[in-house]
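Hey, can you work out the whole structure from these sequences and the hints?
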Amino acid sequence: MKRIYAREEFCLGCRLCEIHCLVRHSKSKKLIKAFRKERGEVVPGVMVESAGHVTFAMQCRHCDTAPCLEACITGAMHRDKKTGAVICDADKCVGCWMCVMVCPAGAVRRGKDGKEGKAASKCDLCAGDKTPVCVLNCPNEAIVYEER
Amino acid sequence: MRRWLVQPEFKVERDLERCIQCQVCVRQCANDVHSYDEEDEQVSSDGACCVGCHRCATLCPTGAISISRSQLEFKPNANWTPESIRNVYKQAEGGGVLLSAMGTDRPWRVYWDHLLLNASQVTNPSIDPLREPMELVTYLGRKPDQIRVERGPDGKVRLATEITPQLKLQTPIMFSAMSYGSISYNASQALARAAKAAGTFANTGEGGLHPDFRQYASNMIVQVASGRFGVDPDYLNVAAAVEIKIGQGAKPGIGGHLPGEKVDAAISRTRMIPQGSDAISPAPHHDIYSIEDLRQLIYAIKETTQHRKPVSVKIAAVHNVSAIASGAVRAGADIVAIDGLRGGTGAAPTTIRDNVGIPIELALAAVDSRLREEGIRNQASIVAAGSFRSAADVAKAIALGADAVYIGTSACVAMGCHLCQRCYTGKCNWGIATQDPFLTKRLNPDVATRRLTNLLRGWSLEIKEMLGMMGVNAIESLRGNREHLRAVGLSDREMVILGVKPAGE
Amino acid sequence: MDTRHLIIGNSVAAVAAVEAIREVDETGGIVMVSREPRHVYSRPLISYWLAGKVDDRRMDWRPRSFYDELKVRAVLGKEAVRLDAAKHVVELADGGRIGYEKLLIATGGTPIVPRIKGHDAAGVFTFTEWADAERVRDFIRQRKVGRAVVVGAGMIGVKAAEALAGIGVKVTVVELAPRVLAAALDEPAARLAAGAMTEAGVELRCGAEVEAVVARERHAAAVRLKGGEELPCELVVVAVGVAPNAQLARTTAGAVEVDRGVLVDDLMRTTAPDVYAAGDVAQGREALSGTKRAIPIWPGAFRQGRIAGLGMAGAEPERYDGALVMNSVSVFGLPTVSVGVAAQPPGDAEVLVSENAGVPSYRKVVLKGGRIIGAMLVGDIDRAGIFTGLIRSGTDVSSVKELLLTEQFGVLSLPAEYRKHVVAGAGIEV
Amino acid sequence: MDVQPNPTKEFALSRGERDSAACAIAGVINEQGRRFNGERIIRMIANMHDRSNGLGGGFAAYGIYPEHKDLYAFHVMLDSAAARENFEEFLRRYYEIETEEVIPTAPLREIRNRPILRRYFVSLRDRVLGEHYDLTEQDLVVRHVMQVNGQIKGAVVFSSGKNMGIFKGVGYPEDIGRFFRIEEYDGYLWTAHGRFPTNTTGWWGGAHPFGLLDWAVVHNGEISSYGINRRYLANFGYHCNMHTDTEVITYLFDMLLRKHRLGIEEACVALAPPFWDDVERMEPERRELVRGLRITYAGALLNGPFSVVLAHSRGMIGFNDRIKLRPMYAARRGDELFIASEEAAIREVSPELDGVWQAEGGKPVVCELKVPLDAPEKEPARA
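Chains as they are written, first to last, in the working numbering: chain C, 106 to 253; chain V, 142 to 646; chain F, 9 to 438; chain S, 61 to 443.
Hints in this document: simulated from the structure, not taken from any laboratory.
The C-beta atom is built at its ideal place from N, Cα and C for all residues, glycine as well.
Keep in mind that the hints are not guaranteed to be accurate.
Stated by the list, open to error - Covered by chain C, according to a simulated footprint, are these stretches of chain F (three or more residues, beta-carbon under 8 Å): (1) 45-53; (2) 56-64; (3) 306-318; (4) 390-398.
As the list claims (entries may be wrong) - Distance condition first, Cα-Cα at most 27 Å in a straight line; then the derived DSSO-like pairs of lysine-lysine: (5) F/Lys428 to C/Lys235; (6) C/Lys132 to F/Lys61; (7) F/Lys428 to C/Lys217.
So, in structure tokens, the structure goes:
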């Protein structure tokens with residue numbers, strides 16, 4: 106399947122991916138509004154890590170054998186049949202954070218969606234969009250979406 | 142001493158309605174213009190350090206940043222321009238040579254903008270490049286004056302004249318000499334890859350050939366400059382051609398200086414000099430004090446390369462450029478590259494950059510005419526350099542007599558350069574003219590290669606359109622064909638030098 | 009439909025096995041037998057259900073179409089009571105017999121109920137399956153329960169307490185160990201957890217032993233601790249642990265070897281041909297020690313079920329990489345994660361700790377020979393999985409040791425080779 | 061440096077810098093060297109009347125001066141007695157003049173503004189040749205023609221071959237033919253041109269055929285590469301003064317065939333080379349040859365739409381641009397080979413043909429005499 110890969114040697118550390126991810130997964134979908142009003146509410150599925158000049162963007166690997174899928178006690182974490190993406194159904198998630206505990210990439214984080222206001226937050230490959238927004242908006246093509 | 146008389150050049154404004162405090166600008170500015178105040182949770186900007194490179198504004202997701210020239214106006218003075226006043230301030234405070242980068246920004250006449258191309262109407266059909274072949278293939282190198290053929294016993298006619306080595310270009314545009322050191326590894330790689338992809342050539346400049354780039358060597362011209370950095374027999378033999386750099390349009394008669402702090406391990410290896418040592422290119426080649434010395438170097442290089450590589454001689458366009466070019470051809474140069482007044486550089490004394498040399502248009506026309514007058518035009522190809530901004534500039538140069546052109550600034554701009562002219566600071570926010578690992582990674586060579594290839598492709602398509610519109614289908618029918626040029630707003634003398642008629646004639 | 013695959017159980021290991029079988033064997037008949045007359049549901053959710061945070065529908069761990077879609081014959085509400093491994097036949101409590109080609113025992117665990125006085129009084133419940141939760145709920149409603157004592161402050165006890173407190177019951181938790189979640193958390197972490205509990209109004213009695221349930225009219229009226237103190241209550245939840253439910257395996261007269269649980273190899277095979285076991289009933293290899301232990305861990309059960317299923321269907325076997333003790337428990341909203349040997353590190357281990365009581369947050373990493381063998385996080389648990397991955401892979405982290413507890417610790421901090429592996433994704437070739 | 065245009069040639073109606081045209085061309089040769097008079101070539105070119113506009117026409121005829129066959133037959137246009145004086149003084153300096161005469165013409169109402177038209181049958185003085193050890197007699201003739209045309213005010217040598225003559229001027233070609241009374245000459249090879257100059261009006265010297273030594277070129281089309289062809293030729297001592305792009309074709313052929321001794325086929329490759337894509341597909345030896353020709357003679361590449369008939373003493377070559385933007389038909393009947401812009405022109409004089417075909421772009425139609433030039437005089441063929 107197509108996956109998102111970071112090319113850390115070209116990551117600027119600008120964090121535009123995080124910004125656009127946040128907007129894409131916000132309610133308003135409007136950049137300024139989303140960032141002003143929903144920052145802290147929406148946890149971006151991509152996170153930029155940096156240490157010195159080394160920076161890179163990390164998000165869910167959508168593993169073939171996904172530990173988060175195996176660890177999910179509610180069945181909220183599931184694989185989308187069409188895209189192959191591992192997606193969390195926020196309505197089912199109870200926020201037990203088993204997924205957070207088992208993701209070797211640290212790519213699942215505690216979010217604020219769902220009925221209880223807590224549900225695992227992670228990359229959903231932009232729900233089947235042709236190109237995820239982090240890839241689309243990376244100014245240096247340091248995030249690529251491809252079959253490998 | 143604090144530089145208190147020199148006021149900021151730019152004003153950076155932030156539209157607080159739009160700013161979302163995302164700090165992209167803070168993370169992108171190598172000049173520390175933007176900063177985030179944790180306490181106030183507010184991004185703010187200080188224009189004093191702004192070089193006007195637009196990195197922040199380009200990456201700002203909400204378009205909240207605008208950069209304008211400082212509104213601090215001097216009393217109008219046609220003689221004492223703000224630049225000249227500021228330069229005096231700077232020198233009064235610093236006491237040194239003022240440095241600049243890229244080509245001169247003074248309003249010297251751009252002759253391209255006074256030359257117009259021709260097109261077919263009725264009497265000969267224009268040719269549609271989308272339907273008919275349109276040939277840009279260009280061979281650079283020495284050509285014989287005539288071809289001899291022999292008929293074999295089988296009745297087949299064979300070539301009996303030996304053709305000396307040639308560079309085959311799919312399009313008459315090459316990348317100018319830009320050394321690894323003056324530009325980043327990624328930028329160098331992109332140029333080499335784009336040259337290979339487009340079937341043309343990139344020039345190493347005087348910085349040697351990084352081992353990683355050997356795979357592109359068949360599309361690279363290696364330079365031998367006065368510092369001889371990175372030059373050994375292998376370097377000469379692995380390349381497609383060798384260029385002896387005598388001068389550079391931005392700083393004729395001036396050497397070069399790569400500060401030791403930029404000479405990291407990789408550059409040190411590539412240049413074959415100790416890490417951390419200054420790389421100083423002397424003003425002249427100390428083994429070339431006359432034309433016959435040049436001849437010896439050319440032959441030394443040809444011997445070293447078993448006469449398998451064309452040798453180019455690059456000179457700056459100075460007053461007697463045509464005589465120098467003629468001398469170079471007679472000294473054995475297979476290609477003469479002429480770099481005009483507006484040619485770029487990574488660093489040059491401002492006063493030299495802005496006041497020395499002549500425009501490439503006049504130099505090119507003079508050299509082409511001179512070589513034809515002497516009947517030696519076939520003996521060398523002419524490559525023109527020094528600011529080609531568009532396919533039209535290239536087409537006009539070819540009509541004036543160039544076989545091909547070198548583009549440097551355009552290539553940099555294609556990669557993202559915003560002509561802030563601060564290459565010499567090593568803080569290129571676009572990752573081109575820098576060795577800072579924070580900055581070099583900003584240039585993804587895949588992206589840069591694609592952008593360069595696109596530029597070459599776009600320009601090539603435009604040149605094809607222009608050829609077609611002129612009713613010819615091969616670049617050689619435009620080369621030196623000044624009938625296809627007309628001048629507007631030039632003096633008679635300028636037109637004589639350019640060999641073009643005024644529009645309407 | 010023939011019964012190629014017989015699966016005793018209907019929870020995580022059983023379901024994982026079915027899904028794995030169907031990846032390779034689309035048609036072979038599958039029969040699932042379950043004592044509980046319910047669709048596949050998630051046992052860990054019963055405390056959420058009791059608290060009203062999850063409704064009946066959301067208890068489903070797989071969609072209602074699960075059996076149909078995977079072509080499974082579900083025999084629900086019937087208990088398997090006898091196994092004739094030689095004849096490949098399982099006998100049900102109602103006398104029915106089901107033959108099989110491959111059998112999976114995934115019967116899970118049974119709550120341990122200490123034989124204290126009064127343990128059979130009305131109002132004393134265990135808390136491991138949905139029916140338990142239903143009974144507790146009904147009892148609370150009928151008897152207007154106002155006070156409850158939860159015996160045991162392990163994961164089940166804590167979650168039960170949280171649920172009870174959530175529906176307005178005044179809860180006292182009695183724990184024999186000196187701290188809550190003693191198996192998972194160390195003293196400082198437990199203190200934070202305890203803080204969250206007491207803040208929510210739960211009374212904690214750690215280091216206290218229950219002597220008896222005091223019954224009046226056969227109904228629980230109090231819990232008496234050793235020393236005589238009585239904790240008045242109308243409801244007692246006993247949550248002192250679970251044991252493998254290996255009863256079925258024990259009926260084979262030793263054909264299927266059983267210790268605490270059913271002994272399995274790394275392919276989840278028992279000692280009897282064609283008989284597999286997975287999940288809480290199984291006793292397989294533990295990752296760090298290499299010894300066989302019964303470890304009731306959800307992700308482990310899934311993995312075991314899947315391996316068993318693949319093996320049963322004849323696919324290229326995946327090998328079990330051993331169970332890793334781990335738990336993620338949200339204690340009254342305070343997230344805690346504990347992986348590997350974290351609560352009681354061995355004496356020769358190097359322990360790194362960072363604490364921020366105010367937030368609150370606590371992080372601890374246990375290293376041995378340059379490798380992480382345990383990690384514990386309380387509060388900010390985001391990215392805890394990176395540690396889990398490092399423990400699993402046995403990656404030498406000596407070079408990045410200083411970064412482990414820093415704020416910017418992330419994938420970027422990992423050794424390059426391992427980082428490459430992580431970026432490519434688990435199960436994805438690098 | 062290019063020779064500056066001679067601003068004094070006044071016998072033109074008017075003229076601009078360079079003329080390009082869409083025209084009619086025709087040629088006919090008898091391969092056995094049998095001579096025939098100009099009647100047929102007039103009919104051929106007259107048939108294509110609408111392809112010209114009365115601003116120029118002309119003819120080249122080979123084998124018409126058997127009595128002077130070893131002498132250069134200079135046909136000269138002169139605009140004044142003074143010009144004649146200057147020209148003749150120049151001529152005498154280098155040449156023995158055997159015969160000189162007015163070119164016979166018929167008075168025609170349609171033909172106006174005629175210059176003085178004279179011809180001189182001359183031979184180069186031995187002394188002159190001796191002074192130039194590095195030049196051949198023909199090189200010197202070329203140089204002298206260039207000098208006259210470039211430097212002597214009011215004089216144009218428009219035909220300079222041996223045993224051949226060019227007759228041209230401003231008018232419809234059939235009128236020019238009658239004017240020059242070409243039906244009275246017998247030749248084995250005739251070419252003709254009818255002009256439709258578009259960029260400028262015509263002038264006498266700019267009419268076709270364009271000649272140098274025994275080369276005569278008639279050309280339909282426009283040489284868009286003229287600017288560079290002209291500058292390229294200047295390198296080799298050819299100076300264009302006639303303000304017509306046809307001139308460069310003549311000089312290029314002269315240079316390639318006579319001076320560089322290329323075969324006709326190779327010369328045509330140099331002038332209208334195959335496309336690089338096709339070159340790449342050639343077998344290696346051929347590829348090297350074509351590549352060598354193309355890059356060496358890049359300045360000689362003729363670009364733009366054209367069809368050309370090049371005549372010389374031994375034959376005739378029909379030749380199209382690379383992508384054949386102008387028409388050209390060739391046909392054969394017995395010993396005779398025809399080339400014309402239109403098939404109808406050929407059918408006009410030879411309704412029955414053995415074969416007729418369109419020449420391919422860049423591929424020459426070559427016809428040569430099957431007999432030696434100095435073969436016994438043949439009887440004039442029946443017109």
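(request) State whether the coverage of the segment 306-318 of chain F by chain C holds or is violated, taking the criterion as 3 or more residues with Cβ-Cβ distances under 8 Å. (result) Contact hint for the segment 306-318 of chain F vs chain C: holds, 5 residues under 8 Å.
(request) Please count how many residues of the segment 45-53 of chain F have a CB within 8 Å of a CB from chain C and say whether that reaches 3. (result) holds (count 3)
(request) Please count how many residues of the segment 56-64 of chain F have a CB within 8 Å of a CB from chain C and say whether that reaches 3. (result) holds (count 3)
(request) Could you grab the alpha-carbon distance between C/Lys132 and F/Lys61 and see if it respects the 27 Å cut-off? (result) It holds: about 24 Å lies between the C-alpha atoms, which stays within 27 Å.
(message) Checking one constraint from the list: CA of F/Lys428 to CA of C/Lys217, max 27 Å. Satisfied?
(response) Violated. F/Lys428 to C/Lys217 sits at ~30 Å, over the 27 Å cutoff.
(message) At least three residues with a C-beta closer than 8 Å to a C-beta of chain C: is that true for the segment 390-398 of chain F?
(response) This one holds; 8 residues, not fewer than the three required, reach chain C with a Cβ under 8 Å.
(request) Take the C-alpha atoms of F/Lys428 and C/Lys235, compute the straight-line distance between them, and say whether it is at most 27 Å. (result) 26 Å, holds
When the structure is compared with the earlier hints, a violation turns up for hint 7 alone.
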